[in-house]
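Asks: If you want the building blocks of each chain, they are given just below.
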Amino acid sequence: MTPFRQPLGQRPELLRMAQVEKTFHGGVIALRNMNLTVNEGDFISLLGPSGCGKSTALKLVTGLMQPTSGRIDWAGEDGAGEKGAGDLGVVFQEPTLMPWARVMDNVYLPFRIRGVPFAEVRDEVLEVLRLVGLEKFQRAFPRELSGGMKMRVSIARALVTKPRLILMDEPFAALDEITRFKLNNDLLALREKIGCTVIFVTHSVFESVFLSDRVVVMAARPGRVIEELTVDAPYPRSEAFRTSAEYARYCRLASNALHRATGEAA
Amino acid sequence: MSVTDSRTPPLDHEEAARARREQVLRIAKWTLPSLVMVLTLLGWHLYVTLWEVPHYILPGPLLVLDKLIEDWDLLWAATLTTGRLTLLALVFAILGGALLAVAFTQSKWIEMSFFPYAVILQVTPVVAIAPLLQIYLDSPFVAALLCAWIVAFFPILSNTTVGLKSTDRNLEDLYTIYGASRWQRLRYLAAPSALPYFLSGLKIAGGLALIGAVVAEFVIGRAGTGLGLASTLLEASYRFNFGRLYAALILISLMGVTIFAVMSLISHLALFRWHESALKKDG
Ligand SMILES: Nc1ncnc2c1ncn2[C@@H]1O[C@H](COP(=O)(O)OP(=O)(O)O)[C@@H](O)[C@H]1O
Ligand SMILES: [Mg+2]
Numbered sequence: 001m002t003p004f005r006q007p008l009g010q011r012p013e014l015l016r017m018a019q020v021e022k023t024f025h026g027g028v029i030a031l032r033n034m035n036l037t038v039n040e041g042d043f044i045s046l047l048g049p050s051g052c053g054k055s056t057a058l059k060l061v062t063g064l065m066q067p068t069s070g071r072i073d074w075a076g077e078d079g080a081g082e083k084g085a086g087d088l089g090v091v092f093q094e095p096t097l098m099p100w101a102r103v104m105d106n107v108y109l110p111f112r113i114r115g116v117p118f119a120e121v122r123d124e125v126l127e128v129l130r131l132v133g134l135e136k137f138q139r140a141f142p143r144e145l146s147g148g149m150k151m152r153v154s155i156a157r158a159l160v161t162k163p164r165l166i167l168m169d170e171p172f173a174a175l176d177e178i179t180r181f182k183l184n185n186d187l188l189a190l191r192e193k194i195g196c197t198v199i200f201v202t203h204s205v206f207e208s209v210f211l212s213d214r215v216v217v218m219a220a221r222p223g224r225v226i227e228e229l230t231v232d233a234p235y236p237r238s239e240a241f242r243t244s245a246e247y248a249r250y251c252r253l254a255s256n257a258l259h260r261a262t263g264e265a266a
Numbered sequence: 001m002s003v004t005d006s007r008t009p010p011l012d013h014e015e016a017a018r019a020r021r022e023q024v025l026r027i028a029k030w031t032l033p034s035l036v037m038v039l040t041l042l043g044w045h046l047y048v049t050l051w052e053v054p055h056y057i058l059p060g061p062l063l064v065l066d067k068l069i070e071d072w073d074l075l076w077a078a079t080l081t082t083g084r085l086t087l088l089a090l091v092f093a094i095l096g097g098a099l100l101a102v103a104f105t106q107s108k109w110i111e112m113s114f115f116p117y118a119v120i121l122q123v124t125p126v127v128a129i130a131p132l133l134q135i136y137l138d139s140p141f142v143a144a145l146l147c148a149w150i151v152a153f154f155p156i157l158s159n160t161t162v163g164l165k166s167t168d169r170n171l172e173d174l175y176t177i178y179g180a181s182r183w184q185r186l187r188y189l190a191a192p193s194a195l196p197y198f199l200s201g202l203k204i205a206g207g208l209a210l211i212g213a214v215v216a217e218f219v220i221g222r223a224g225t226g227l228g229l230a231s232t233l234l235e236a237s238y239r240f241n242f243g244r245l246y247a248a249l250i251l252i253s254l255m256g257v258t259i260f261a262v263m264s265l266i267s268h269l270a271l272f273r274w275h276e277s278a279l280k281k282d283g
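Chain order of the listed sequences is A and B.
Just so we're aligned: the first sequence equals residues 1 to 266 in my numbering.
Just so we're aligned: the second sequence equals residues 1 to 283 in my numbering.
Warning: the hint list may mix true and false statements.
Unchecked claim - On the chain A side, residues computed to face chain B include the following (Cβ under 7 Å):
hint, residue
1, Leu64
2, Gln66
3, Leu88
4, Val90
5, Thr96
6, Pro99
7, Trp100
8, Pro110
9, Ile113
10, Phe141
11, Tyr247
Bear in mind the hints are in silico, worked out from the structure with no lab data behind them.
All C-beta atoms, glycine included, are put in the ideal place defined by N, C-alpha and C.
Can you build the whole structure from these sequences, using the hints too?
Replies: Structural data, given as structure tokens:
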């Protein structure tokens, strides 16, 4: 059974952040004592006000930054091991596409950097484009696409290498609400098909509850984890879940936690 | 689907006026400059004939045309000479400017050490440098080439440097996460990001290369470049051959226009598919 269909407690561990701290030059404590275990198949939301260190946490996981103290360990490694380039997919708030490259070439990028010829991965590229519903646009240039479609290309690029972990930093924050809802649904549908592990940064209570099975609520100044909420509602979640009493209850819980987070920070 | 109805819906007053205005502007864009040209030539001709201006002060347009045809062999050879010098200077400017820009962006130390001197070279008038080049360089042709090169390379250097640094920060991060090498970063990310900047530098450099070539011909003379358009022009002025002088001037100006048009075309062909600047107005 794929890990994401197993109950939360029984999934194999993938990544562990232990007592991670990050202090920037100038004394800003972006993260203090962050502990987070990511298990295979988890859909985790980092929920918190802006400036609470969500992006910093993701950057630490990517290895773009080193923690000031604490450890970030990947399963199956002795801690010091380098992770392969196939282990991560990243989606930013902006689609972050190369405007001069066609959709298919943008999605091919991770393979190109690894030196894999296009002919060898053409099927993977086309398959992932089909998954995000853009196979007809494989030869289009980014500027010909709407904001939502660009974001789909960005997601396809993150998925194409079948990474062990996908990091998404407020990917839908700049989109209109209708597009955002659509992409939320499609993201969950994608997960049903490929069973990816996701850390999803958002400052929307509704989005975090709808998407994830674990909501990690963070507070700012200093950035830290306030509490973790388990959303124990079964997948697949459809549009009907959005209007259910269960959804409303989880939203209330998350919202209260967020109030405590911002209240404490004030 | 209702919009694709074969009957176009009637335009309201404002939209109709806008459409009319756009059409008028489209036509005027070509007709107005042509009209100005015709009127100028006519005015020139009338002035010269009615006031009986002697041809060694101001030749009429017909005389210039006569000279252009009469001296065509000589003028065409001169055009080729100046054209060769200009193109060669431009090619070296592209190579030098782009390579230097890559060096600048690969190493902050190189940039800090040498950028000020590139600026000094640029702001010093080339007319003042040219005689020195002539003294120190054995080959006058190399001196002339260097002279034109100095003028042309700076816009390529500065634009390409800015362009290579204009890469999207998140894309940079993505390349790092995927473990891209320095070369891959340059080839697949920095170079395409720099392309629009490089091309607008190229447009400027094309014009400047011609200016540099003309200055070189003036200062270094026939020894360096053979008989180019500018030396022809200078000689014609010594001999009061004003018909030929004007003919040479017109050819130099046409050459400048041609260079600009070719550079614009290259730029358009390279960018029109993906770059916003090449976007036609929507709709
Ligand atoms: N490179 C940096 N240098 C200095 N301070 C930074 C840097 N990046 C982020 N910060 C600070 O760290 C804190 C957390 O930032 P960030 O992780 O971007 O928060 P979030 O993504 O939750 O909005 C903020 O106060 C921010 O100003
Ligand atoms: Mg952020």
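Asks: Please go over all the hints and tell whether each is borne out by the structure.
Replies: How the hints compare with the structure:
1. The restraint placing A:Leu64 at the interface with chain B holds, with a minimum CB-CB distance near 6 Å, inside the 7 Å limit.
2. Below 7 Å, beta-carbon pairs count as interface contacts, and A:Gln66 has none with chain B, the closest being about 13 Å; its hint is therefore violated.
3. Because the beta carbon of A:Leu88 sits about 6 Å from the nearest beta carbon in chain B, less than 7 Å, this interface hint is met.
4. With a least beta-carbon distance of about 6 Å to chain B, the hint placing A:Val90 at the interface is held under the 7 Å criterion.
5. Given the 7 Å rule on beta carbons, the hint for A:Thr96 holds: about 4 Å separates it from the nearest Cβ of chain B.
6. For A:Pro99, the interface hint holds, the least distance from its beta-carbon to any beta-carbon of chain B being 5 Å, beneath 7 Å.
7. Checking A:Trp100 against chain B by beta carbon gives a least distance of about 4 Å; that is within 7 Å, so the hint holds.
8. Against a cut-off of 7 Å between C-beta atoms, the interface hint on A:Pro110 holds, since the closest Cβ of chain B lies about 5 Å away.
9. Checking A:Ile113 against chain B by beta carbon gives a least distance of about 4 Å; that is within 7 Å, so the hint holds.
10. With 7 Å as the threshold, the beta carbon of A:Phe141 comes within range of chain B, its nearest partner Cβ sitting at about 5 Å, so the hint holds.
11. Proximity of A:Tyr247 to chain B is violated relative to the hint, the smallest CB-CB distance being about 32 Å (cut-off 7 Å).
Consistency with the previously given hints fails for numbers 2, 11, ordered from lowest to highest.
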